[in-house]
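Place chain B on chain A using the hints.
2 protein chains.
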Amino acid sequence: MWCFLNGEWMDMADAKLAINDLGIQRGYGVFDFFRVMNNAPLFIDDHLVRLQRSASVMHLQHGYSSEEFKTIVNELIHKNQMPSSGIRITITGGYTTDSYSISQPNIIITQTPVVMQDDFSQNKAFRLITHNYVRDLPSVKSINYMMGVWLQPVVKAAGADDVLYVKNNFISELPRSNIFIITKQGMLITPNEQVLKGVTRKNILQAASSIMQVKERAVSLEELHDAEEVFISATTKRVIPVVEVDGKMTGDGKPGKRTAAIFELLLQKEKQSTGCE
Amino acid sequence: MWCFLNGEWMDMADAKLAINDLGIQRGYGVFDFFRVMNNAPLFIDDHLVRLQRSASVMHLQHGYSSEEFKTIVNELIHKNQMPSSGIRITITGGYTTDSYSISQPNIIITQTPVVMQDDFSQNKAFRLITHNYVRDLPSVKSINYMMGVWLQPVVKAAGADDVLYVKNNFISELPRSNIFIITKQGMLITPNEQVLKGVTRKNILQAASSIMQVKERAVSLEELHDAEEVFISATTKRVIPVVEVDGKMTGDGKPGKRTAAIFELLLQKEKQSTGCE
Chain A
7 MWCFLNGEWM DMADAKLAIN DLGIQRGYGV FDFFRVMNNA PLFIDDHLVR
57 LQRSASVMHL QHGYSSEEFK TIVNELIHKN QMPSSGIRIT ITGGYTTDSY
107 SISQPNIIIT QTPVVMQDDF SQNKAFRLIT HNYVRDLPSV KSINYMMGVW
157 LQPVVKAAGA DDVLYVKNNF ISELPRSNIF IITKQGMLIT PNEQVLKGVT
207 RKNILQAASS IMQVKERAVS LEELHDAEEV FISATTKRVI PVVEVDGKMT
257 GDGKPGKRTA AIFELLLQKE KQSTGCE
Chain B
7 MWCFLNGEWM DMADAKLAIN DLGIQRGYGV FDFFRVMNNA PLFIDDHLVR
57 LQRSASVMHL QHGYSSEEFK TIVNELIHKN QMPSSGIRIT ITGGYTTDSY
107 SISQPNIIIT QTPVVMQDDF SQNKAFRLIT HNYVRDLPSV KSINYMMGVW
157 LQPVVKAAGA DDVLYVKNNF ISELPRSNIF IITKQGMLIT PNEQVLKGVT
207 RKNILQAASS IMQVKERAVS LEELHDAEEV FISATTKRVI PVVEVDGKMT
257 GDGKPGKRTA AIFELLLQKE KQSTGCE
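Order-wise, the sequence lines are chains A and B. Position 18, counted from 1, in the first sequence is what our numbering calls 24; the numbers after and before it change by one each time, with no gaps. Position 216, counted from 1, in the second sequence is what our numbering calls 222; the numbers after and before it change by one each time, with no gaps.
Note that these hints are calculated values from the structure, not bench results. Hints are supplied without guarantee of correctness; some may be wrong.
[What the hints assert, rightly or not] What the simulated footprint calls covered on chain B by chain A, stretch by stretch (three residues with Cβ under 8 Å from a Cβ of chain A suffice, anywhere in the stretch; the number is not a length):
id, segment
1, 28-38
2, 69-75
3, 103-110
4, 145-152
5, 214-224
6, 242-250
[Stated by the list, open to error] Quick list of in silico lysine-lysine cross-link-like pairs, DSS-like style, CA-CA up to 30 Å:
id, chain 1, residue 1, chain 2, residue 2
7, A, K203, A, K260
8, B, K22, A, K22
9, A, K76, B, K76
[Claimed, not checked] Not close to chain B: a few residues of chain A, all C-beta gaps over 10 Å, as computed:
id, residue
10, T116
11, T136
12, Q158
On a predicted model such as this, the values are computed, not experimentally measured, just so you know. Virtual Cβ for every residue (Gly too), placed ideally from N, Cα, C.
With the rest of the complex left out, here is chain A (with noise of 0.2 Å):
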């Protein structure tokens, strides 16, 4: 598989990074992710706005402008053949001679295949814990998953699928999804502070108010546990039910309607975004 490294074409297993790059040394880094479908990126404005943005927040200059990330990432498809896929574009602080300090970022540009099924009632539906905290900066798209990833052991030991970030008593997100209910009321509310403003969550937002009301607000735990439905979003998830968490169902504790319903209208949306409709 084709990969971009600093400016040169390379394939994947040949891509390497010397030990003082600042993501080895400090963990220092962006990165976004989105999907390829039929070979043709899907909402890559919206991540390459936020892409640049987390650089800059970051203050890692880069160079490359988002027109130059397109023409790289259509030679990446056209070079690849991997029709249902995704690419992620990574910034790291670069070779730091002090092993502290920003650098010239290391960029890398990779594509991986990806599975998406497209029959909701075929998708898992989670069980989550929850864990007090916080990620730092989560407006930007840091490479720091420190926590996420150190909390998986527990994930599995809980016999759940993912956990959900909790701070004084008040929900934000998971390490790598955005988290909505839907009250009883049938308003659809997500959490908008301490939250990753994901792409999947900003097309759910737009396409659901065709058929609820929406709403970006604080989201407590005890909102979450009355909720008629609950349910997550991520590019390679789109949306998946959740029907319990911390041991307590959610709803029904079965896929809820409304959700299926958000789910058609992202898929929808998808395809209109890439003229496969």
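Quick look at chain B alone, frame taken from chain A:
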């Protein structure tokens, strides 16, 4: 310069990790760093105990015993002949297949020159700013220094030398140093919670107990500002006086006499430990 990477000896310039390393992908790994003085490793047992503990807490099953690490370190010192230096052992989450799960860790052992100043009066006194933060898993020496690296321009803009983390009005540590206060009553106090337990910190507490009362307990920001003397400690810094915090002079704004005495005790302890006295 020789280094050790996953069982092989190579020049540091040739030491590289494939881009699917979990350090690069998710900032996941641990390390430790100790000095070499007259070609002897300094307090290596303490550092290896901490490294093994960090790896264990972070689920990094690397398979190297402390004795094996010591053998490699001794060979590295022998190969490089760099009498005054620092050795870093890094253990990353390994080559991940799903970009999120821990795999067989990658082990990197490098040696770099370190110049130490043995004359306390020649060491620059530090000015600090504070930042509202506690590290994730602070007792673990992870590679996650995102906040410290990110704050560097803020530190610089404030004309300061480093940043002190504070939460709920209590001080904890700097990104790479511990902090101590000496009260007007002549007691040495250092925070004992939400900190990485430094080896230099440990040596200072031991050495200073011969000349003053020492205590590990919570320290408020007010106590810091009221202190007679303030200093920080780290492997490459030994003892550095702090003369200003958030623009406010600490003590009389000059390096303190007791701080100087502790520096000398630490120097003595270093010499004793390598049999150079």
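Consistency of the hints with the structure:
Check on the segment 28-38 of chain B: 8 of its residues sit with their Cβ under 8 Å from a Cβ of chain A, so the three-residue criterion for coverage holds. Closer than 8 Å: that is the beta-carbon criterion, and the segment 69-75 of chain B has 0 residues meeting it against chain A, so the requirement of 3 is violated. Coverage of the segment 103-110 of chain B by chain A holds in this model, with 4 residues showing a Cβ closer than 8 Å to a Cβ of that chain against a need of three. Counting residues of the segment 145-152 of chain B whose C-beta sits closer than 8 Å to any C-beta of chain A gives 5, which meets the bar of three, so the coverage hint holds.
Coverage of the segment 214-224 of chain B by chain A is violated [criterion: at least 3 residues with CB-CB distance below 8 Å; count 0]. Counting residues of the segment 242-250 of chain B whose CB falls under 8 Å from any CB of chain A gives 0; the rule of at least 3 is not met. Straight-line distance between C-alpha atoms of A/K203 and A/K260 comes to about 27 Å, which keeps the hinted pair within the 30 Å bound. Of the pairs offered as hints, the one joining B/K22 and A/K22 holds, with about 6 Å between alpha carbons and a cut-off of 30 Å not exceeded.
Under the criterion of a C-alpha separation no larger than 30 Å, the hint pairing A/K76 with B/K76 is inconsistent with the structure, at around 49 Å. Here A/T116 does not stay apart from chain B, with its beta-carbon only about 7 Å from theirs, under the 10 Å limit. Separation of A/T136 from chain B is adequate, the least Cβ-Cβ distance of about 17 Å exceeding the 10 Å criterion. At roughly 7 Å, the least C-beta separation between A/Q158 and chain B is not larger than 10 Å, which violates its mark as non-interface.
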